[in-house]
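If you're matching positions, the sequence shown starts at 0 in numbering that gives the first Met the number 0 and goes up one per residue.
Honestly, I wouldn't trust all of these hints.
Computed Cβ-Cβ distance ranges for the label pairs, DEER-style [what the hints assert, rightly or not]: (1) G18 / L159: 23 to 33 Å; (2) R13 / S93: 40 to 50 Å; (3) P9 / G92: 19 to 29 Å; (4) G92 / P136: 18 to 28 Å; (5) P136 / G28: 29 to 39 Å; (6) A17 / A162: 43 to 53 Å; (7) A71 / G92: 30 to 40 Å; (8) L128 / L159: 21 to 31 Å; (9) N26 / D111: 23 to 33 Å; (10) P95 / A155: 25 to 35 Å; (11) R13 / E42: 45 to 55 Å; (12) V94 / R13: 52 to 62 Å; (13) G18 / S106: 22 to 32 Å.
Source of the hints: derived by calculation from the structure; they are not laboratory data.
Ideal Cβ placement from N, Cα and C applies to all residues, glycine included.
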Amino acid sequence: MAKGPDFYAPLTIRIIGAGGERTFDANGGLDGDAAWNFVQQVEVYVAGQSVALPPQALSANYEIDFRQDSTAVNRLPWYGTPTAQFFYYQGRGSVPSYVRLHMARTSEPVHDTWLLATPSLTDMVQRHLQGLQPVRPSQPRPAIDSTALGFGLLVALALLAGAVLIRRGRLLAVAAGRQANTA
Numbered sequence: 000m001a002k003g004p005d006f007y008a009p010l011t012i013r014i015i016g017a018g019g020e021r022t023f024d025a026n027g028g029l030d031g032d033a034a035w036n037f038v039q040q041v042e043v044y045v046a047g048q049s050v051a052l053p054p055q056a057l058s059a060n061y062e063i064d065f066r067q068d069s070t071a072v073n074r075l076p077w078y079g080t081p082t083a084q085f086f087y088y089q090g091r092g093s094v095p096s097y098v099r100l101h102m103a104r105t106s107e108p109v110h111d112t113w114l115l116a117t118p119s120l121t122d123m124v125q126r127h128l129q130g131l132q133p134v135r136p137s138q139p140r141p142a143i144d145s146t147a148l149g150f151g152l153l154v155a156l157a158l159l160a161g162a163v164l165i166r167r168g169r170l171l172a173v174a175a176g177r178q179a180n181t182a
């Protein structure tokens, strides 16, 4: 029986980003090694071990989808789970890459945890991105500075009040002129 990269073969990996995806076979070679290492890491998670949350700076991500052919003898550890999603957060500078696991088994609640991405997984993802842009979460709308808004409203009210007073002054002057002409 095969061990290592071919253990879960045939295996297809899909990396999904903003506006596209990249699909490739991970059966042997560098991609097979990376897939094998990642599956082993997920098995450790399934056993109950995870790492701390990554820094807030990592928000853009790629979804990674593992597809196993029905002819595979050895099933992936998350086989049969209704939900098994993997999100790759690419590291920047001194911040390493992370993978968010979102998994559920039929009789259990959803588990959401983070794993430090192995160097082989990071290399595999980088090899296949080919310009694919990450999915960026929707950004909150910037808050309006209440001081500037308040000052703007005050100026607008002052202009309006001035226009009303000028108009009233003209109306009074016209009315006074009419009274003087009738007297």
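Practice task
Report the numbers of all earlier hints that the structure fails to satisfy, in ascending order.
Solution key: Of the numbered hints, 1, 2, 3, 8, 10, 11, 12, 13 do not hold.
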